[in-house]
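J.: Given next are the chains, with one letter for each unit.
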Amino acid sequence: MRGHIHPISSLIREANRIFFEMGFTFAEGPLVESEWYNFDALNVPKDHPARDMQDTFFIKGEKEMVLRTHTSPVQVRYMESQMKAGILPPYRIIVPGKIFRNEATDMTHEAEFFQIEGLVVDTEVSLAQLKWTIDTFLNSLFKNVSVETRFRPSFFPFTEPSVEVDMRLVGESAPEKLRGKWIEMMGAGMIHPNVLKNAGVDPSKYRGFAFGMGLDRLAILRWSIDDIRLMHSADLRFINQF
Amino acid sequence: MKISREWLQRYFEKPLPDATPLADALTFHAFEIDSIENDILDVKITANRGHDCLNHRGIAKELSAILEIPMKGDPLRQEAALTPKTEEVSVHIQDSLCTRYIAGYVRGVKVGPSPDWLRKAVENIGQRSINNVVDATNFVMFDIGQPLHAFDAGQLQKNTENGSLYKIGVRRARAGEKLLALDDREYTLTDAMLVITDHNSDAGIGIAGVKGGKPAGISEATTDIIIESANFDGITTRKIAAALKLRTDASSRYEQVISPELCAYGMRAVADLIVQVAGGEIVGFADVYPQKQQQKAVRATTAEINAILGSEYAEADVASALTRLDLEFTKQADAFVVEPPLERLDLTIPEDIAEEVGRLYGYDKIEATPLPPMPSQPEVNPNFYAAEHAREEYIAQGYSEVFTSVFADKGERVIANKVDGVRPFLRTTLVDGLKDAYEKNRLTKDLLGLAEVKLFEIGTIWKGEKEHLMLGIVDKDGVREEALSTMQRGVASMHYENVPLSQAERFQPFSKYPFIVRDIALWTSAEVKPEEILKIIRTNAGDLLVRSEKFDEFKKGEKISYAFRLVFQSFDTTLTDLDANGRMESIAKALKATGFEIR
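Protein sequences appear in the order of chains A and B.
The first sequence maps to residues 772 to 1013 in this note's numbering.
The second sequence maps to residues 970 to 1568 in this note's numbering.
Derived by calculation from the structure, the hints in this document are not laboratory data.
Wrong hints could be hidden among the right ones.
[Unchecked claim] A few chain B residues that face chain A, going by a derived Cβ cut-off under 8 Å, partial list only:
(1) Ile1277
(2) Gly1279
(3) Thr1398
(4) Val1400
Glycine included, C-beta positions come from ideal geometry on N, C-alpha and C.
Isolated chain A (complex conformation) (with noise of 0.2 Å):
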């Protein structure tokens, strides 16, 4: 008898394969990320009001190392690398990963937790871009119904516009409990220059997109989940169900 894979496994495998064939490569970085990666080079300077947007853990003793907030500081490594290496744009990565928060856990909040990343950078990207690349993934990942998104606006220190992004499934075979309601899904936008700067690619020439959003939270949607502390649990009782 097949034992089974945990669900956000499956998603990540899933989201890869959606993924790699619109030519996005998986990348990925450190756990334990310096607060240069995490923040200052995602234009987050210190002592700014938007750190503390997110709760961090602090490595003891060493000077500035945390617990990565998001998967975001791999942009910055992937880019710095790829430009180091004298591979110029187009970049297309996706980066699904662990990340942390320092927050007491209930059934919908958990300390550790899993992201996926997405980053587009060319000589033309667009918003209506970055539109469609969401729209696909998340039709080919809801395979069975329509998904509609809708953007709205919103602010991310790495990010403008920055733009948070709703969805909602529609039609006969969506679940009746979600079917036609707009569910907040991720956070996204065009990359700040200073971002892409920072990594080392010029940005007079160069644009990007980034997207950002919750594996576990897909996870909760995808499969009517009701407890976010499951996904850590290791207990059989909800993994055997996947």
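Fit chain B to the given chain A structure using the hints.
T.: This is chain B only, laid out in the frame that chain A set:
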């Protein structure tokens, strides 16, 4: 921030739409709305708009642009004359973290309850009405965003020796300096903080940008007041508020950085309002503004805006959007040169202008546009390839994948500030987590119908100052781990292997209560299929039977013995033996009645 529809209406002749359409307009063109209650909108002002939108005027401005309803007047586009000047009060700024300080001297006020409209206005947005003078300062702050404070001049030292009668100072606090604030608590300051002082006596009368001091607070007996309309460095204010655990409406505005130009508008408005609601006469103003705010024009072309948004706006569309947003511009060749108004400190790069145009027209107007094909094949990530390979290898052998926590009670690296305090180390091994998981799952294996618990985890550990990606396995033979080797699982391929996805449709919540296992065995003739017996068991077991299966059989002559394992569990209570016995009796009875011989 709480925004009142009634307050907003003060800015418009035309009646505003209801709160819900106002909320929608803001949601799709500016800010998220946390809640709407009794015509009060809780608006989530983003960190880039704290400069101009933490007040009703800012939101009115947004709504005017979005809904194309003209404003009656915009206080920040009118002159705010600080006249007359007075020599009776002087300002002494001794630290550049204070970028501007205006003192306004008003004599002969009568402190008392606020008029109804003012009391209601502040109470509607969740503030406590204090008295007419204090309410006036709060009203102007929530109206146009400038924090303000009033001191009782009668509590300040008078000394005309060095010029003016009253002197207001701004200096660094001395380490250990104590200040009794308006909240009746004494704060111990550090030399990283700024204080407002009665410069004649050098006594602290306020924590700069955060809170006023008790000794010079407004009381019923106050007749002469000195109003503060000042600007303080955002980072410093944020640090002071954080260090003192005293975040106030004033500090939360300063920490977002507001324009020092705003001080004049705030002072003019509050001085006039105080005279209106508390009487008295304005003696005059003293303004120290060492370095005037410099704002740079921002250039953006229509082509650039369209390239960022993926839109097809015409020149006229861009011009119209900027006009609606009250962003003055000139045209230089094909570029719009935007002169941001004094409060819009967020507009600095062409992308900011693209955002203004894009959000005003609505991001729903943006049509999805395909990415062009990628000229090169994506790379195969060796770690992910190896992980996928290992995953499939173990799943094929009946192992299930778990994730256990990276936090442990021992290790080499430790979290300095873990909020819950427990298991602060980063794990050096997958072994401990897997052992726990194995033991936990062993207790529920009957419920799942598992003969054996077999788990694996692919996860990170921290050992020898490095991160390692490990593969850990646990089963009845014990627990072991190894580095996830990309070598062994060689990545020669240009593609990932085609491995199956989860086929699950929907998660079924499971009971958290303990379950009870019972076996039942019976003799039957060889023609009877176990499925038929299971059917009888299931119809007579009631709804507490969560699992039933045949686990044993043997033949003796013409007869067969079948043994079935039954699992009982409730969703809302712990079952007792009595509960299970009752069910087993019903089952046995039904089986006997059908003619089976229970062993």
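J.: Give a verdict on every hint.
T.: Results for each hint:
Hint status for Ile1277(B): holds, given a least beta-carbon distance of 6 Å to chain A, under 8 Å. Hint on Gly1279(B) holds. Least Cβ distance to chain A is approximately 2 Å, under the 8 Å limit. At about 15 Å, the closest approach between the beta carbon of Thr1398(B) and any beta carbon in chain A exceeds 8 Å, and the interface hint on this residue is violated. Residue-level restraint check for Val1400(B) is violated (minimum Cβ-Cβ distance to chain A is 13 Å; threshold 8 Å).
Checked against the numbered hints given earlier, the structure breaks hints 3 and 4 and satisfies all the rest.
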